[in-house]
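> Listed here are the chains, written in short residue letters.
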Amino acid sequence: MAKILKKTNLAPQVYEFIVDAPLVAHKCKPGQFVIIRTEEESERIPLTIADFDRKQGTITMIVQAVGNTTKHLCETFNDNDEILDVVGPLGMPSHIENFGTVVCVGGGIGVAPVYPIARALKEAGNKVISIIGARNKDLIIFEDKMAAISDELIITTDDGSAGQKGFVTDPIKKMLESGNMPGMVLAIGPVIMMKNVAETTRPYKVPTVASLNTIMVDGTGMCGGCRVRVGDDNKFACVDGPEFDAHLVDFANLVQRQQMYKGQESLEYGCGGHCKCVGD
Amino acid sequence: MRGGLRNKMPEQAAEVRNKNFDEVALGYLIETAIDEAERCLNCKNPRCVQGCPVNVDIPDFIQALKEKNLNEAIRILKNKNTLPAVCGRVCPQESQCEKNCILGIKCEPVAIGRLERFVADYARIKGLDTINAAKAEPKGKKVAIVGSGPSGLTAAGDLAKMGYDVTIFEALHAPGGVLMYGIPQFRLPKEIVKHEIDQLKALGVKIMPNVVIGRTFTIDELMNEEGFSAVYIGTGAGLPHFMHIEGENLNGVYSANEFLTRVNLMRAYKFPQVATPVYIGKSVAVVGAGNVAMDAARTSKRLGAEKVYIVYRRSEDEMPARKEEIEHAKEEGIELRLLNNPTKIIGDEKGWVKGMECVKMELGEPDASGRRSPVEIIGSEYVLPVDMVVMSIGQGPNPLIKATTPNLETNKRGNINADENGQTSMPGVFAGGDIVTGAATVISAMGAGKKAAKAIDEYLSQK
Ligand SMILES: Cc1cc2nc3c(=O)[nH]c(=O)nc-3n(C[C@H](O)[C@H](O)[C@H](O)COP(=O)(O)OP(=O)(O)OC[C@H]3O[C@@H](n4cnc5c(N)ncnc54)[C@H](O)[C@@H]3O)c2cc1C
Ligand SMILES: Cc1cc2nc3c(=O)[nH]c(=O)nc-3n(C[C@H](O)[C@H](O)[C@H](O)COP(=O)(O)OP(=O)(O)OC[C@H]3O[C@@H](n4cnc5c(N)ncnc54)[C@H](O)[C@@H]3O)c2cc1C
Ligand code: SF4
Ligand code: SF4
Ligand code: FES
Chain A
0 MAKILKKTNL
10 APQVYEFIVD
20 APLVAHKCKP
30 GQFVIIRTEE
40 ESERIPLTIA
50 DFDRKQGTIT
60 MIVQAVGNTT
70 KHLCETFNDN
80 DEILDVVGPL
90 GMPSHIENFG
100 TVVCVGGGIG
110 VAPVYPIARA
120 LKEAGNKVIS
130 IIGARNKDLI
140 IFEDKMAAIS
150 DELIITTDDG
160 SAGQKGFVTD
170 PIKKMLESGN
180 MPGMVLAIGP
190 VIMMKNVAET
200 TRPYKVPTVA
210 SLNTIMVDGT
220 GMCGGCRVRV
230 GDDNKFACVD
240 GPEFDAHLVD
250 FANLVQRQQM
260 YKGQESLEYG
270 CGGHCKCVGD
Chain B
0 MRGGLRNKMP
10 EQAAEVRNKN
20 FDEVALGYLI
30 ETAIDEAERC
40 LNCKNPRCVQ
50 GCPVNVDIPD
60 FIQALKEKNL
70 NEAIRILKNK
80 NTLPAVCGRV
90 CPQESQCEKN
100 CILGIKCEPV
110 AIGRLERFVA
120 DYARIKGLDT
130 INAAKAEPKG
140 KKVAIVGSGP
150 SGLTAAGDLA
160 KMGYDVTIFE
170 ALHAPGGVLM
180 YGIPQFRLPK
190 EIVKHEIDQL
200 KALGVKIMPN
210 VVIGRTFTID
220 ELMNEEGFSA
230 VYIGTGAGLP
240 HFMHIEGENL
250 NGVYSANEFL
260 TRVNLMRAYK
270 FPQVATPVYI
280 GKSVAVVGAG
290 NVAMDAARTS
300 KRLGAEKVYI
310 VYRRSEDEMP
320 ARKEEIEHAK
330 EEGIELRLLN
340 NPTKIIGDEK
350 GWVKGMECVK
360 MELGEPDASG
370 RRSPVEIIGS
380 EYVLPVDMVV
390 MSIGQGPNPL
400 IKATTPNLET
410 NKRGNINADE
420 NGQTSMPGVF
430 AGGDIVTGAA
440 TVISAMGAGK
450 KAAKAIDEYL
460 SQK
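Chains as they are written, first to last, in numbering that gives the first Met the number 0: chain A, 0 to 279; chain B, 0 to 462.
Derived from the structure by calculation, the hints contain no laboratory data.
Accuracy of the hints is not assured; some may be wrong.
Simulated pairs of lysine-lysine, BS3-like, Cα-Cα distance not exceeding 27 Å [stated by the list, open to error]: (1) A/Lys2 x B/Lys349; (2) B/Lys189 x B/Lys353; (3) A/Lys70 x B/Lys140; (4) B/Lys200 x B/Lys160; (5) B/Lys205 x A/Lys194; (6) A/Lys234 x B/Lys353; (7) B/Lys343 x A/Lys234; (8) A/Lys54 x B/Lys125; (9) A/Lys26 x B/Lys205; (10) A/Lys26 x B/Lys141; (11) B/Lys401 x A/Lys28; (12) B/Lys140 x A/Lys26; (13) B/Lys205 x A/Lys54; (14) B/Lys200 x A/Lys2; (15) B/Lys329 x A/Lys2.
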């Protein structure tokens, strides 16, 4: 049982939950996630640990209501309600080192998982250039938090209602074309965005990392449901990932496998799939 | 002495049961059980006992049953086997206790498993097996059990009875291991597993679900920071194997673990009353021929698949599943495609399975183990039209604990090295069950838990 200490509406259909989960909080590192089950009949779903407070024993989850379980959580769970099961921290922590300059890209609510990683990269001495991409101004989350830990923060929106009009790949392209090679690019968001970031950096051979949101059940390497092709290997995203070398990920296979139970629109976290925060 | 044939197990009719998840075997009535018990010769030198991995005092419990002393019968059973209702249902008796029964030479062996099940069920329903074992003086020492499968549960129970403060850490939200997530309801009702777990709780065993050792805590942290004096690792064989053939990542291809977990642990068979979905094809190929494969095939049938094939590269004699399960599967309409080996899985333009290419095999010369190994018949490839495939070709050890416990030695396959008492390469750390032996049986995992509990007691008594 994990008690919800504070629920906040961040954007349409996007909620922040601060929950009491001391066992997870004492151990978690940036890049890791939890699996939750809200009630007895509910599904197990993975959610990134968007922030944590070891002293208070709390973790923060940012949830976008895209389908049954996430809607149920966002619509019916409030302060002081208890989430039946929270297990974690799961997955491999992000690889943190001083790469020099890093570009941290978050699309839609993908910004939430980017935040703790960007913060750790900053603490490790990197120059952090952050890019937040969203469909429009109202869907931007974590702007202040990201600004506080970034050396430079770029915002792109599809309709130009905030920051630059365009896609997250535009500022990356500009940087690379001008010969500013970052040591690493991190991209978390809708699959199509991660894929396009990977294609943008590929010709320049800039190491690029994506965090994959596969379907999961147990999160411990037991079921193989989260498998995805990375290079010549089949990897289990829950234990080998969720972060992988974006230049090796078979994104088409990821998209295909996400469709196993439903139309794609409900599955892509970040923007519900309607988002055009990136070009094709 | 009655001799002759054993009493038949009443069962749901095949064409009825292959559409529901209720238990297939209905259990003996008391009259049948006593009649079956009468067949036992109460041998002075009971060969059956040697066949049982935990040496249940078979003639003694059967004698008590004959005398209608069920209090005594359950006491004798539980003395060696903490989960008789489970073992009576799922032990491969034909290759263990019953294989050795003296009656088996001339006629059918005593139905030991069925009697064990009867006594355990009777005791449960009548409330005879509430634990009144005088608990030992508290020892004031904490022992951690990692994994709540049959091995961990057994070790926990024994240690609690000795007076240790026992905590089980389980990665999933429900305890029970394979008994909960793997073996289907129609073979092992979950209420039975829950009952056994409640008994452990009554003994004072604490169960912490949703804790992944290696992530939430490491083994070293349990010992050095959380105050546990010893740890028993019973994490099972949870890592699903794939064949590494083309098309395994298509939609509609499952590992048996995922398919069975969705259906058993997450109860997807009740979808949409429960939220977890499961996809079922019209025509299903299950690759493999162990108990896991039989369970996956029979589960597919129950969820509405019209055709279900077991695809296996050897012949029926080599099928590792229990005889009874193979018979049950056949009765339920599962088709065996023996001496067939998948070579690739074929998908449609949207990435869904539409067929599986197989090659036919024949048995060649006996290999070193004496088994005739299958060889491909060149050019015999054909496509089996299926829209779902379940890979059920075995499981290995999950590498998580090894990866986070540098001093823990494992063998080449990744199984933890432990001696016959479960002692690993680390002082105070013991292991047993499938994580040590590779995928085996419920009773052998329990046996390992029992031995380790004794060894842990000895270790902690000397400390
Ligand atoms: C490592 C990881 C981290 C994630 N972090 C976040 C996060 O911080 N915030 C957030 O809002 N979302 C996150 N997601 C995605 C989130 O888990 C899915 O949005 C959620 O599972 C959808 O469940 P649903 O029942 O609401 O949706 P539905 O649309 O009802 O789900 C449809 C079905 O598709 C399956 N499914 C499809 N995609 C996924 C998926 N990615 N994960 C699990 N099941 C899926 C499920 O079986 C489900 O039944 C993350 C996913 C992963 C793998
Ligand atoms: C579908 C199926 C059918 C079977 N049928 C039969 C049968 O008919 N008869 C028979 O005798 N045997 C059968 N078996 C085999 C039998 O179930 C196993 O041999 C037995 O369960 C092994 O017990 P165990 O305690 O070693 O591990 P398991 O039962 O595998 O339990 C291990 C537990 O540890 C947990 N765990 C793993 N890693 C961690 C971690 N890092 N931290 C915390 N917890 C962890 C797991 O979640 C799991 O609950 C079957 C197996 C399967 C899969
Ligand atoms: S535990 Fe299994 S092998 Fe032993 S007597 Fe019972 S059924 Fe037979
Ligand atoms: S060997 Fe058979 S007849 Fe003899 S004691 Fe065992 S079960 Fe009874
Ligand atoms: S979620 Fe089951 S193996 Fe990754």
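> Confirm or reject each hint.
Quick rundown of the hints versus the structure:
1. Between lysine 2 of chain A and lysine 349 of chain B, the direct Cα distance comes to roughly 42 Å. Violation of the 27 Å bound is thereby established for this hinted pair.
2. The hinted pair formed by lysine 189 of chain B and lysine 353 of chain B fails the criterion: a straight-line CA distance of about 34 Å is larger than 27 Å.
3. A hinted pair counts as satisfied when its Cα atoms are at most 27 Å apart, and lysine 70 of chain A with lysine 140 of chain B does not qualify at roughly 45 Å.
4. For the given pair, lysine 200 of chain B sits about 12 Å from lysine 160 of chain B by alpha-carbon distance, which is consistent with the 27 Å threshold.
5. Proposed proximity of lysine 205 of chain B and lysine 194 of chain A is contradicted: the alpha carbons are some 46 Å apart, above 27 Å.
6. For the given pair, lysine 234 of chain A sits about 24 Å from lysine 353 of chain B by alpha-carbon distance, which is consistent with the 27 Å threshold.
7. The hinted pair formed by lysine 343 of chain B and lysine 234 of chain A meets the criterion: a straight-line CA distance of about 19 Å does not exceed 27 Å.
8. For the proposed pair lysine 54 of chain A and lysine 125 of chain B, the alpha carbon gap of about 50 Å is over 27 Å, so the pair is violated.
9. As the CA atoms of lysine 26 of chain A and lysine 205 of chain B are separated by approximately 22 Å, the hinted pair is consistent with the 27 Å bound.
10. At most 27 Å may separate the alpha-carbon atoms for a hinted pair to count; lysine 26 of chain A and lysine 141 of chain B meet this at roughly 22 Å.
11. As the CA atoms of lysine 401 of chain B and lysine 28 of chain A are separated by approximately 20 Å, the hinted pair is consistent with the 27 Å bound.
12. For the hint pairing lysine 140 of chain B with lysine 26 of chain A, the CA-to-CA distance comes to about 25 Å; that is within 27 Å, so the pair holds.
13. Straight-line distance between C-alpha atoms of lysine 205 of chain B and lysine 54 of chain A comes to about 26 Å, which keeps the hinted pair within the 27 Å bound.
14. Restraint check for lysine 200 of chain B and lysine 2 of chain A: the C-alpha separation of about 24 Å stays at or below 27 Å, so the hint holds.
15. About 49 Å separates the Cα atoms of lysine 329 of chain B and lysine 2 of chain A, which puts this hinted pair outside 27 Å; it is violated.
Of the numbered hints given earlier, the model fails hints 1, 2, 3, 5, 8, 15; all others are met.
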